[in-house]
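Undergrad: Each chain is listed here by its residues.
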Amino acid sequence: MRRYLVARLVQAGPILIGITLAAFVVLANMPGGPLAAYRADPSVRAEDLQRLERQLGLDRPIYVRYLIWLGNFLRGDWGYSIVTQRPALDMIGERFINTVYLIAVALGLTLAVAIPVGAYSAVRQYSLFDYTATGLAFMGLSLPTFWLGLLVILLFNVALRWLPAGGMFTIGAPFSLVDRVRYLVLPAATLAVVSAGFYTRYLRAAVLEVLGQDFVRTARAKGMAARRVMYRHVLKNAALPFVTVVALHLPELFTGAVVVETIFAWPGMGRLFWESALRIDYPVLMGIMTFTAMAVLGANLLADLLYGCLDPRIRYG
Amino acid sequence: MRKLLRLTLAGMALMVVAMLGTGQVIGSTPQRGGTLRVAAWQEPDSLNPFLAVQLISRIIRKQTLEGLFDVEPSGKFYGVLATDVPTIQNGGVSADGKTVRIRLRPNVKWQDGHPLTSADVRFTWQAVMDQANPVSSRAGYETITAVEIPDDLTVILRFSKLYAPYLTLFGVRDAVLPRHAFGGTTEMAKHPFNRKPEGTGPFMVEEWVSGSHVLLKRNPNYSFYRQAERPLVDQLVFKFVPSREVAIAQIKTGEVEAVWNLIEAQIPEFEKISGVTLQVFPSPNLEYLGLNLSDRGDPSKPHPILSDARVRQAIALAIDKRVIVDKLLFGKAKVATSPLTIGWASDPSFTPSPYDPQRARALLSEAGWAPDPDGIRRKGGKRLSLSIMTTTGDKLRISAEQIIAEQLKQVGIELTIRNVPASVMFGNWAASGPLKRGSYDIAMDTWGPDVDPASFLRILFHSSQIPTAENKGVGWNFFRIKSAALDKAIDDADTTLDLEKRKTMYRTASQAILGTWAYIPLYTRLYVHAFRTTAKGSKANAWDTFAWDAEDWYIEGP
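Chains H and E, in that order, are what the protein sequence lines are. Number 319 marks the last residue of the first sequence (the working numbering); no jumps. Number 571 marks the last residue of the second sequence (the working numbering); no jumps.
If you are wondering where the hints come from, they were derived from the structure by calculation, not from laboratory data. It should be emphasised that the depicted structure is a prediction, and the values quoted were computed from it without experimental measurement. There may be inaccurate statements among the hints.
Unchecked claim - Derived pair list, reagent style EDC-like, types lysine to aspartate or glutamate, alpha-carbon separation capped at 16 angstroms:
{"no.": "1", "chain 1": "E", "residue 1": "K485", "chain 2": "H", "residue 2": "E55"}
{"no.": "2", "chain 1": "E", "residue 1": "K209", "chain 2": "E", "residue 2": "D125"}
{"no.": "3", "chain 1": "E", "residue 1": "K408", "chain 2": "E", "residue 2": "D454"}
{"no.": "4", "chain 1": "E", "residue 1": "K174", "chain 2": "E", "residue 2": "D505"}
{"no.": "5", "chain 1": "E", "residue 1": "K314", "chain 2": "E", "residue 2": "D454"}
{"no.": "6", "chain 1": "E", "residue 1": "K203", "chain 2": "E", "residue 2": "E219"}
{"no.": "7", "chain 1": "E", "residue 1": "K230", "chain 2": "E", "residue 2": "E211"}
{"no.": "8", "chain 1": "E", "residue 1": "K347", "chain 2": "E", "residue 2": "D333"}
{"no.": "9", "chain 1": "E", "residue 1": "K203", "chain 2": "H", "residue 2": "D79"}
{"no.": "10", "chain 1": "E", "residue 1": "K340", "chain 2": "E", "residue 2": "E282"}
{"no.": "11", "chain 1": "E", "residue 1": "K485", "chain 2": "H", "residue 2": "E49"}
{"no.": "12", "chain 1": "E", "residue 1": "K203", "chain 2": "H", "residue 2": "E49"}
{"no.": "13", "chain 1": "E", "residue 1": "K485", "chain 2": "H", "residue 2": "D50"}
{"no.": "14", "chain 1": "H", "residue 1": "K238", "chain 2": "H", "residue 2": "D313"}
{"no.": "15", "chain 1": "E", "residue 1": "K485", "chain 2": "H", "residue 2": "D313"}
{"no.": "16", "chain 1": "E", "residue 1": "K514", "chain 2": "E", "residue 2": "D360"}
{"no.": "17", "chain 1": "E", "residue 1": "K516", "chain 2": "E", "residue 2": "D360"}
{"no.": "18", "chain 1": "E", "residue 1": "K516", "chain 2": "E", "residue 2": "D504"}
To be verified - Footprint (simulated), chain H over chain E, 3 or more residues, beta carbon under 8 angstroms:
{"no.": "19", "region": "147-159"}
{"no.": "20", "region": "213-227"}
{"no.": "21", "region": "262-271"}
{"no.": "22", "region": "424-432"}
By construction, the Cβ of each residue, glycine as well, lies at the ideal position given by its N, Cα and C atoms.
Just chain H, same shape as in the assembly:
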């Protein structure tokens, strides 16, 4: 087990470096560059720009800049934002917590809906409930988050005035749980709608597959209660592929959060990525991309390990 883990982590190294290299080359060649905002300001003269390029090290060739970045990164120094001159790690860290908070709630909501609905749909296949659930799931799946986000703002904020349109809490007010929840509802629900549709469909398929297995028929034949069959045999077996899918899709929630955070003014990592992309602030962008790449690799590993936990037949040696 330990050997397997070490091997996987060693494999991840070159993949990560490859990803950072590709990301760096793309960022370094983006039109405009990190000094675009300075160029638009007429009080910044050509000599000022040249001085700034030198001071920020932007006058060096790309490969030198990349090697410097990589060297620092491996030593734990994520560099400084070109825009704010603050450590990129600090900027990402303070936003990361907010993103995790949003995603955790969204995922909780998603699973709370997807698991019972998906399982029940499978058991009552082709029932009215199944058709309704399928219809709604496809609707949720096909709604783009940016559109859904704007729609719920229009409805619950502009028209009904029930919930705030953006932010995490009322600025200047003392901490209150109710206030936090009010700000959380719309973004978390928007994120959840799309993934709930997906997971419902997935769990339904997984449960259906298990329901057709011989051991289920056997369990029923020997007179086991339907409820017990469902919990002991069907759900447990259907959970296997489902857990994999959820784990593999965790990083995708981060990417979905870019849009949702931007629409709902959520001070998370996704919005930081979006703002940094507009300013081509490459130390911050590199930090977030590398971090996301690590999250993807980590989620893959996690899925494999969970598989082993849930299925005693699978062992890593």
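Once you've looked at the hints, dock chain E against the given chain H.
TA: The following block gives chain E in isolation, referenced to the frame of chain H:
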């Protein structure tokens, strides 16, 4: 009829607002207390005036950091931390213009109680010139050879050569920094001050939560030299929202009290919202067409079509700017006349180029472009076909392009629209920016002068500012105008501090620019800010940033 009446009344109300330049209802009395929230769809890069380049950064840090001088709505300078404005007439400036003596206002305290002294001004200059600091611009500060401080309240600036916009230093663009807050160092790149500056202004930065807001609180040590008992509100919040649309939604629902920098096309939408008052006034910026005088492929050669002044003039005469203003801007903007539309250097006697398609057709025929059955003129088998470029994603601009293309078609010119993202359009030489490289025919853009038009006119129109491979693409004379008379007028205006003389030179420069027909003014841009009707006290100032007078703002109680 009632609708018409309502529209007329709304229009009149707006005009009154625009003319008074204030959302203030006459007769209401200012009151203290409360929180005023402003929606901003950008987050500042830094609150250090010398490191930041974003406008929102300037708006926020101006609440905390003050400068020596600033500019009134009329365009006149006034002393902020300085007691008065030094000029040659009052003896503050030496006859050769190279020595400027400034008196600081006595008894001004930084927010922590430290007194403001001349040493702070000298420290500011030293910090700007520190090699380690990534200062956005050293323009003007480099010209200073020494900052002398004979006593606590006197500053003497010694310049190596005359610097005409000397009153913009230490204030209009930036500020005076507190020496004591930096703890003996002039290095400021990564200093905590950049996120939490300490100043002499009406508000203090209480917190800056990334991605969320900046919260400012009343500064108890504010010296309120202009009016007693300022600021009126206890707290000022700048709330970061992802887009203008979100900002608009939030002012509608009352989640914020103010939104800055709306666009003209949004005015009619806002007139329908109850509880919101608009502040509309002319800005110094104007929308214009820039015509490329050089060949698209090779800037050393003249443009095959646009190098002929008759063709350029025909384009100007064929565009009915009134239609753009009336149709797209709902008549709120004005047809622009010259590069300097407002301010001390502008000359109101300029008139817009007339709409005269007849004369345009005659000029084109004269230039050898003969009408063709397909509607587009030809010369020796070559079609009179040009492209126009502006930034993508701006509906107003795209509509304007379509109107212009339609109007040019009427005189036999084909205009195709080829828009690119702003980052591409304004890309530098190395990134092959089309303006820098001259790989465009006609560009549509907005630009305008600061309170001192010196750098604006130079950077856009002086022949030394034509981007080339040799100068690594310096400057923004992307029209590639080369005019000795124009260069001389711009240069001459930099050799005197006499505003009347400079005004005459800038008039000559404006005339020369319009005479090239390479710069076609379309319309003046407006500044549009929105306030909840309960948020009062704001005055318009085209020369200073939004919230320049936030100390006078107040919330009207129930």
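Undergrad: Now tell me, hint by hint, if it's right for this structure.
TA: These are the hints, each one checked on the structure:
Of the pairs offered as hints, the one joining K485/E and E55/H holds, with about 13 angstroms between alpha carbons and a cut-off of 16 angstroms not exceeded. Under the criterion of a C-alpha separation no larger than 16 angstroms, the hint pairing K209/E with D125/E is consistent with the structure, at around 13 angstroms. Using a Cα cut-off of 16 angstroms, the hinted pair K408/E and D454/E is violated, with the two alpha carbons roughly 21 angstroms apart. A distance of roughly 14 angstroms separates the Cα atoms of K174/E and D505/E; the hinted pair therefore holds under the 16 angstroms criterion.
Distance check on the hinted pair: K314/E and D454/E sit about 14 angstroms apart at the alpha-carbon level, within 16 angstroms; holds. Taking the CA atoms of K203/E and E219/E, the gap is near 19 angstroms; set against the 16 angstroms cutoff, the hint is violated. At roughly 12 angstroms between alpha-carbon atoms, K230/E and E211/E fall within 16 angstroms of each other, so this suggested pair holds. Proposed proximity of K347/E and D333/E is supported: the alpha carbons are some 13 angstroms apart, at most 16 angstroms.
Among the hinted pairs, K203/E with D79/H is consistent with the structure: their alpha-carbon atoms are about 15 angstroms apart, no more than 16 angstroms. A C-alpha spacing of about 15 angstroms is found between K340/E and E282/E, which places the hinted pair at or below 16 angstroms, so the restraint holds. Of the pairs offered as hints, the one joining K485/E and E49/H holds, with about 11 angstroms between alpha carbons and a cut-off of 16 angstroms not exceeded. Pair hint K203/E plus E49/H does not hold up; C-alpha atoms about 22 angstroms apart against a cutoff of 16 angstroms.
For the given pair, K485/E sits about 13 angstroms from D50/H by alpha-carbon distance, which is consistent with the 16 angstroms threshold. Of the pairs offered as hints, the one joining K238/H and D313/H holds, with about 10 angstroms between alpha carbons and a cut-off of 16 angstroms not exceeded. At most 16 angstroms may separate the alpha-carbon atoms for a hinted pair to count; K485/E and D313/H exceed this at roughly 64 angstroms. Proximity of K514/E to D360/E is assessed by CA-CA distance (about 13 angstroms); at most 16 angstroms being required, the pair is judged to hold.
The suggested pairing of K516/E with D360/E holds, with an alpha-carbon distance near 8 angstroms, which does not exceed 16 angstroms. For the hint linking K516/E to D504/E, the alpha-carbon distance of about 13 angstroms falls within 16 angstroms, and the restraint holds. Requiring three or more residues with a Cβ within less than 8 angstroms of a Cβ of chain H, the coverage given for the region 147-159 of chain E holds, as 6 such residues are present. As drawn, the region 213-227 of chain E meets chain H at 5 residues by the rule of a beta-carbon pair under 8 angstroms; at three or more, the given contact holds.
For the region 262-271 of chain E, the assignment as covered by chain H holds, since 5 residues bring a beta-carbon within under 8 angstroms of that chain's beta-carbons and 3 suffice. Against chain H, the region 424-432 of chain E contributes 0 residues with a C-beta closer than 8 angstroms to a partner C-beta. That does not satisfy the three-residue criterion, and the hint is violated.
Comparing the model with each numbered hint stated earlier shows that hints 3, 6, 12, 15, 22 do not hold.
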